[in-house]
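Chemist: Spelled out, the chains give:
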Amino acid sequence: MVTVFPLQEWLKSLEEKLNSDVRYNEIAKNWEGDLVFEILPEGNLKEPLTMYLDLWHGKCRGVEYAPDLSGRSKPTFILRSPYNNFTAILQGKLDPMTAMMTSKLKVEGSLGYMMRNVPTVLDFVRCCREITTNIA
Amino acid sequence: MQPILKIDLTTGKTEEYKIPEEWERAFLGGASLAARLLYPALTKELDPFSPESPLMFINGPLTGTSGPTVGRFAVCGKGPATGLWAESHCGGFWGPELRFAGYDGLWITGKAEAPVYLWIEDGRFEVRPAAQLWGKDTYETQELIKQEIGQKGIHVACVGPAAENGILFAGIYCDHGRTAGRTGLGAVMASKNLKAIAVHGMNKPPLVHADLYAGSRSESNRTLKQDNEARILHELGTAGVANYAEYLGSMPAKYYHQGGFEMVDKVSGSNMVDTILVGQSACHACVIACGRVVKLEDGNKRKGPEYETIVSFGPNLLIDDLVEITRLGELCDRYGMDTISAGNTIGLVFHLFELGKINLQDTGGLELKWGDAVAVRQLVRMTARREGIGEWIAQGSRRLGKHFGAEEEAVQVNGLEVACHDPRGVSGMALSYATSPRGACHNQSDYFFVDFGHTYPELGIEYFSRQADAEKSANVAKHQDWRTVYNAMVMCIFGNVAPQLQVDLINAACGYDWTIEEMMKCGERGWNMKRAVNNRMGLTAGNDKLPKALLEPLTTGGTEGYVPDIQGMLYTYYEARSWDEKTGYPTKEKLSTLGLDDVAKDLWGETMDD
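Going down the list, the protein sequences come from chains A and B. For the numbering used here, add 1 to where a residue sits in the first sequence, where the first one is 1. For the numbering used here, add 59 to where a residue sits in the second sequence, where the first one is 1.
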């Protein structure tokens, strides 16, 4: 199966992966917080793109591709960065913790929560990488 | 910069010393400038506790301004545990206050007949008796002096009983737990019968281009507030990185012999937030505020421990109780002893007890079981009083190890205990420790941040794998040069300011027109100056090494069995530095290109003219 980031199918594959991956289910069992990727235009991405993931206790309760977030309660985390940084993370060229600590990945929400859940953050990224076969 | 006040405590004579302009420009200030100024006095024969031994408190050109993380000062001299160059940096408010009082440094020699403290206010200077303060802890001393002087706005730097008792890792303390903890300069201060220095002033810090400075300062602080690292430090304190460090294997456990620490969550900055934290504290004008204020069951607010104290008294000793660690840190602060060296050396005692090289007779019947905080507290008290095995702990890990026939087990470099960043997890720290001018130090180059991925392309500091070897040596050298600029400014390493902005701040404050390259050259000059000071005191290439424990693989945890190739790293490091591999000296050519011809002549003798 071909899953190309940042297409809608990629997000759907990620949802399935997060719900079926036993390792992630265990490591992230205490995680509570929905998450938004705000991908800023750069390189092959010409328009801003938003992806929403509802992550809860090791499962993904739902995803939304390019949702309209206006009028909704603010998600627990917003991760904002130019497109090439997201793709670098997915390709293993940029460590996600490094991206956060060096502000390449802007974080809205508690950095403290991220720092205390390093294994969950890294395993989430592992899942993202494993489903990515191509980058647009 | 403003004058340095020279004080001879034997004679009571004082003199205002104007820093030569060319040295100020060449070395900027802080520890680099101190190395230049103290070079003639620091000899191999000099006893650090002799009256002749100099002790220098020194500011940087930005100290006391509202610039980013520049409320700091440095203390320099000869280290009693290392016999080498000693420098220690301290936050709080004391350095700025000294500047407001009209001085950018104190150059202290001699020995008072009886305990004294100094009182400096707006260019006035007084020596006051301090016999009544001798024996008081560092917190009590500060309060008593403030009461005696009876004015608002006074800041006091002082020593505690540990320094009075000659403990080789006694520090200098101010502003309720801010410490110049490393290298034992508190003991040097106490050896002069100098208990404390109180300062107060009303002057504005001198800035050549105040308007330009204001713009760069605002921009620096604005970006710093948004920086993720700074946010982590504010939200979680320096222990905010504990989980990540543990994950990478860079956080030592069980005296560097265990890979990983399962209970890391319990000692993390996050857990502190959830349990005992009630506020943050900041040094002068700092927008980060990494300091912790915690409340324990007695209801009193107190300083919370930072990463180094947490790891030294936590995972290093297999203690996972933040409250106990907080108490141990406070005990050390009150006695006035460095928590890194204290925790590390006590770790060695536990380790040797486990190996059977220390027994119950040696410990006075104290059973040493890893994780036993009560036993650790007892050892801290015995150390402060130099009782029983405390007599040996008080002398640091190298001497303790030697006494018990196991010097090679001590995790130290040149007599200074290794800090809490294991080079098996972040290999750049191997060179940082092996080549640091003051022994195993993490503040001369906190290269672990680069190994975490923090690069600085403007400075040519690129990313190499966190467990790369010789290929990263030149990168480490550049990072050391850059941090030497920080230590000259005197600026906190958490002030993550873009290099161009850093240059702009220097230029505006000093009236220079430096480029980034010139700033880095200043750092390189400072680094080589300190090296030359050490060479003069007997340091050679043979001193550049790591302790045995850090060269043994760990079978568990994030290091994944890696050990740094320190010999390979040193080979390329010497190349990058243009240091002579036989002697360990900077080459004549290198010293000459840095404008240090007189130093080259001194080190290399007549061959200079060959």
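Everything labelled a hint here was simulated from the structure, so no lab data went into it. A few of these clues could be false.
When the alpha-carbon atoms are kept at most 25 Å apart in a straight line, the in silico PhoX-like pairs for lysine-lysine are as follows [to be verified]: (1) B:K284 <-> A:K75; (2) B:K660 <-> B:K607; (3) A:K107 <-> B:K284.
Chemist: Hinted pair, alpha-carbon criterion (25 Å max): K107 (chain A), K284 (chain B). Please report holds or violated.
Modeler: 13 Å, holds
Chemist: Can the restraint linking K660 (chain B) and K607 (chain B) be considered satisfied, given a maximum Cα separation of 25 Å?
Modeler: Violated: K660 (chain B) and K607 (chain B) sit about 36 Å apart, past 25 Å.
Chemist: Does K284 (chain B) pair with K75 (chain A) here, judged by a C-alpha cut-off of 25 Å?
Modeler: 22 Å, holds
Going down the numbered hints, you'll see the structure goes against just number 2.
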